[in-house]
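> Position chain B against the provided structure of chain A, taking the given hints into account.
Number of protein chains: 2
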Amino acid sequence: MTSGKIIIVGLGPGPDRWLTPEASHALEEATDIIGYIPYVERLPDRQGQVKHATDNRVEIDRARHALDLAQQGHVVAIVSGGDPGVFAMAAAVFEAIDTGTDADRATKVQVLPGISAMQAAAARLGAPLGHDFCAISLSDNLKPWDVIIRRLTAAAEGDFVIALYNPASKTRPQPIHDAFALLRSLKSPATPVAFARAVGRPDERIVLTTLGEADPSTADMSTLVIIGSSETRFIEREGQEPWLYTPRHYGLKR
Amino acid sequence: MTSGKIIIVGLGPGPDRWLTPEASHALEEATDIIGYIPYVERLPDRQGQVKHATDNRVEIDRARHALDLAQQGHVVAIVSGGDPGVFAMAAAVFEAIDTGTDADRATKVQVLPGISAMQAAAARLGAPLGHDFCAISLSDNLKPWDVIIRRLTAAAEGDFVIALYNPASKTRPQPIHDAFALLRSLKSPATPVAFARAVGRPDERIVLTTLGEADPSTADMSTLVIIGSSETRFIEREGQEPWLYTPRHYGLKR
Numbered sequence: 001m002t003s004g005k006i007i008i009v010g011l012g013p014g015p016d017r018w019l020t021p022e023a024s025h026a027l028e029e030a031t032d033i034i035g036y037i038p039y040v041e042r043l044p045d046r047q048g049q050v051k052h053a054t055d056n057r058v059e060i061d062r063a064r065h066a067l068d069l070a071q072q073g074h075v076v077a078i079v080s081g082g083d084p085g086v087f088a089m090a091a092a093v094f095e096a097i098d099t100g101t102d103a104d105r106a107t108k109v110q111v112l113p114g115i116s117a118m119q120a121a122a123a124r125l126g127a128p129l130g131h132d133f134c135a136i137s138l139s140d141n142l143k144p145w146d147v148i149i150r151r152l153t154a155a156a157e158g159d160f161v162i163a164l165y166n167p168a169s170k171t172r173p174q175p176i177h178d179a180f181a182l183l184r185s186l187k188s189p190a191t192p193v194a195f196a197r198a199v200g201r202p203d204e205r206i207v208l209t210t211l212g213e214a215d216p217s218t219a220d221m222s223t224l225v226i227i228g229s230s231e232t233r234f235i236e237r238e239g240q241e242p243w244l245y246t247p248r249h250y251g252l253k254r
Numbered sequence: 001m002t003s004g005k006i007i008i009v010g011l012g013p014g015p016d017r018w019l020t021p022e023a024s025h026a027l028e029e030a031t032d033i034i035g036y037i038p039y040v041e042r043l044p045d046r047q048g049q050v051k052h053a054t055d056n057r058v059e060i061d062r063a064r065h066a067l068d069l070a071q072q073g074h075v076v077a078i079v080s081g082g083d084p085g086v087f088a089m090a091a092a093v094f095e096a097i098d099t100g101t102d103a104d105r106a107t108k109v110q111v112l113p114g115i116s117a118m119q120a121a122a123a124r125l126g127a128p129l130g131h132d133f134c135a136i137s138l139s140d141n142l143k144p145w146d147v148i149i150r151r152l153t154a155a156a157e158g159d160f161v162i163a164l165y166n167p168a169s170k171t172r173p174q175p176i177h178d179a180f181a182l183l184r185s186l187k188s189p190a191t192p193v194a195f196a197r198a199v200g201r202p203d204e205r206i207v208l209t210t211l212g213e214a215d216p217s218t219a220d221m222s223t224l225v226i227i228g229s230s231e232t233r234f235i236e237r238e239g240q241e242p243w244l245y246t247p248r249h250y251g252l253k254r
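Heads up: the protein sequence lines correspond to chains A and B, in order.
Just so we're aligned: the first sequence equals residues 1 to 254 in the working numbering.
Just so we're aligned: the second sequence equals residues 1 to 254 in the working numbering.
Keep in mind that the hints were calculated from the coordinates and are not lab data.
Be a bit skeptical, because a hint or two may be false.
Put simply, identical chains are the same to the list, so a pair is met inside one copy or across any two.
Stated by the list, open to error - Cut-off 20 Å, straight-line C-alpha distance, at most; resulting in silico cross-link-like pairs (SDA-like, lysine to any residue):
#1 Lys108 to Asp68
#2 Lys108 to Arg46
#3 Lys5 to Gln71
#4 Lys108 to Glu28
#5 Lys108 to Ser3
#6 Lys5 to Glu28
#7 Lys108 to Leu69
#8 Lys170 to Asp98
#9 Lys51 to Asp68
#10 Lys108 to Val75
#11 Lys51 to Leu27
#12 Lys5 to Arg205
#13 Lys170 to Ala198
Bound-form chain A, shown alone (with noise of 0.2 Å):
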């Protein structure tokens, strides 16, 4: 054992006013920085501190590398966007983990959680997560599709608000499009649909919608889409958006 660890760190949404003091605290002790390129640019250079950015959908060797530098002392921070812990580094440094060493094993371990996209993107729009909702990844890269359809599916049978994570991206336009398909044929046209783009950053855009109407094509890689219950409904405003919300009640009359 030696005092090197691991600190999965969850940066939250983007801006610093959704950084929690843990997370701070933990970016400024670290003796290096291991995560996704764009992560790791936002992060300011400390002197004493190395920085290893690294692409894309190379998890496990990102979590691997951290193993290693932790085994020789070093305090590592994994840093995520969002919440490390909802589809994002922790679950693959626990891969690695399990798949690894007795020495993996023994490696302390921290992680500190952030906030999430679908809960930014619930703040931004009122509260669409108000009452009983499931978060689904549409990636298809590590679980076969049809564990998704069987999760929509079941997410349509139990009228749950349902949060979808990474809806598409260049080279996966397809499974946005399935997944209304398949809604659609399973709930009302009317259900409120909204395609939360990057909230909180400069580049959010907000597109408010219904499950009929929506065009699946609105969502990209940075886009958290949000598709209500029976219960979730806009709250119409004179001259500004709707509000977007699900009561606690269930059945509310108005």
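Same frame as chain A, but now just chain B:
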């Protein structure tokens, strides 16, 4: 229109290390703080700021009070534990607006996200929410129990990781027993289960078990219960509590 507004502030699960800079700033800026007694009492007294602490289960009265004060020009912070958008005050405020007046719909409202209990619990345990998951409140104060049954069943059919909020209270001890009985009929007894009580606070208590062996009465109103998917697993460690995580890969070979 006045300069008044409502800011719905997520305090996170308790410790200041999880309070975002945005939330800290809002708590300083507010003329009035409204919330459930323990959340309001946790905050320091500030000159020129009025604290209105109310009992639990009066969320709509609290929202109405905040709307009235904001319409008189006050800057009102409604404080909520965790994330106000997740089973908390934000939906109550929008319910009050939705059933309210034109003045209510014109009132300026901001929602500030916070770290939710399931995120703090997940970070403490490893990465159990590392893949598709759902969040279900077991409180049947505001929704019929058959909706809860429907959602638990769908969550099992979709093989989601399940985070249960409000699993039990002194007046409502039965739901968690009924939920476990149902899930035991639908999922493997080997499914990992975590009871994560008051994570990050002095009275934190963690119980790691399986669906087959769990004692549902372990849960109280401060407990977040996590029930794994078919992929969720423990990583055993020598002399330490095992990690709990859900791989990003479906069907990960170890």
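> The structure should be examined with respect to each hint, and the outcome stated for every one.
Outcome of the hint check:
In this homomeric assembly, Lys108 and Asp68 come within 20 Å of each other (Cα to Cα) only inside a single copy, at 12 Å, whereas the closest approach across copies is 51 Å. In the homo-oligomer, the alpha carbons of Lys108 and Arg46 never lie at most 20 Å apart, since the shortest distance is 23 Å inside one protomer and 40 Å across protomers. In this assembly of identical chains, the alpha carbons of Lys5 and Gln71 lie at most 20 Å apart only when taken from the same copy (7 Å versus 51 Å across copies). Taking the shortest Cα distances, Lys108 and Glu28 sit within 20 Å of each other inside one copy (18 Å), while across copies they are farther apart (37 Å).
When the C-alpha separation of Lys108 and Ser3 is checked against a cutoff of 20 Å, the pair qualifies only within one copy, where the shortest distance is 9 Å, while the shortest distance between copies is 50 Å. Taking the shortest alpha-carbon separations for Lys5 and Glu28, only the intra-copy value of 14 Å comes in at or below 20 Å, while the best inter-copy value is 35 Å. In this assembly of identical chains, Lys108 and Leu69 lie within 20 Å of each other by CA distance solely inside one copy; the values are 12 Å within and 49 Å between copies. When the C-alpha separation of Lys170 and Asp98 is checked against a cutoff of 20 Å, the pair qualifies neither within a copy, at 32 Å, nor between copies, at 39 Å.
When the C-alpha separation of Lys51 and Asp68 is checked against a cutoff of 20 Å, the pair qualifies only within one copy, where the shortest distance is 15 Å, while the shortest distance between copies is 51 Å. Only within a single protomer do Lys108 and Val75 lie at most 20 Å apart by alpha-carbon distance; the minimum there is 10 Å, versus 44 Å between protomers. Taking the shortest alpha-carbon separations for Lys51 and Leu27, only the intra-copy value of 11 Å comes in at or below 20 Å, while the best inter-copy value is 35 Å. Taking the shortest Cα distances, Lys5 and Arg205 never come within 20 Å of each other, neither inside one copy (38 Å) nor across copies (24 Å).
In this homomeric assembly, Lys170 and Ala198 come within 20 Å of each other (Cα to Cα) only inside a single copy, at 17 Å, whereas the closest approach across copies is 42 Å.
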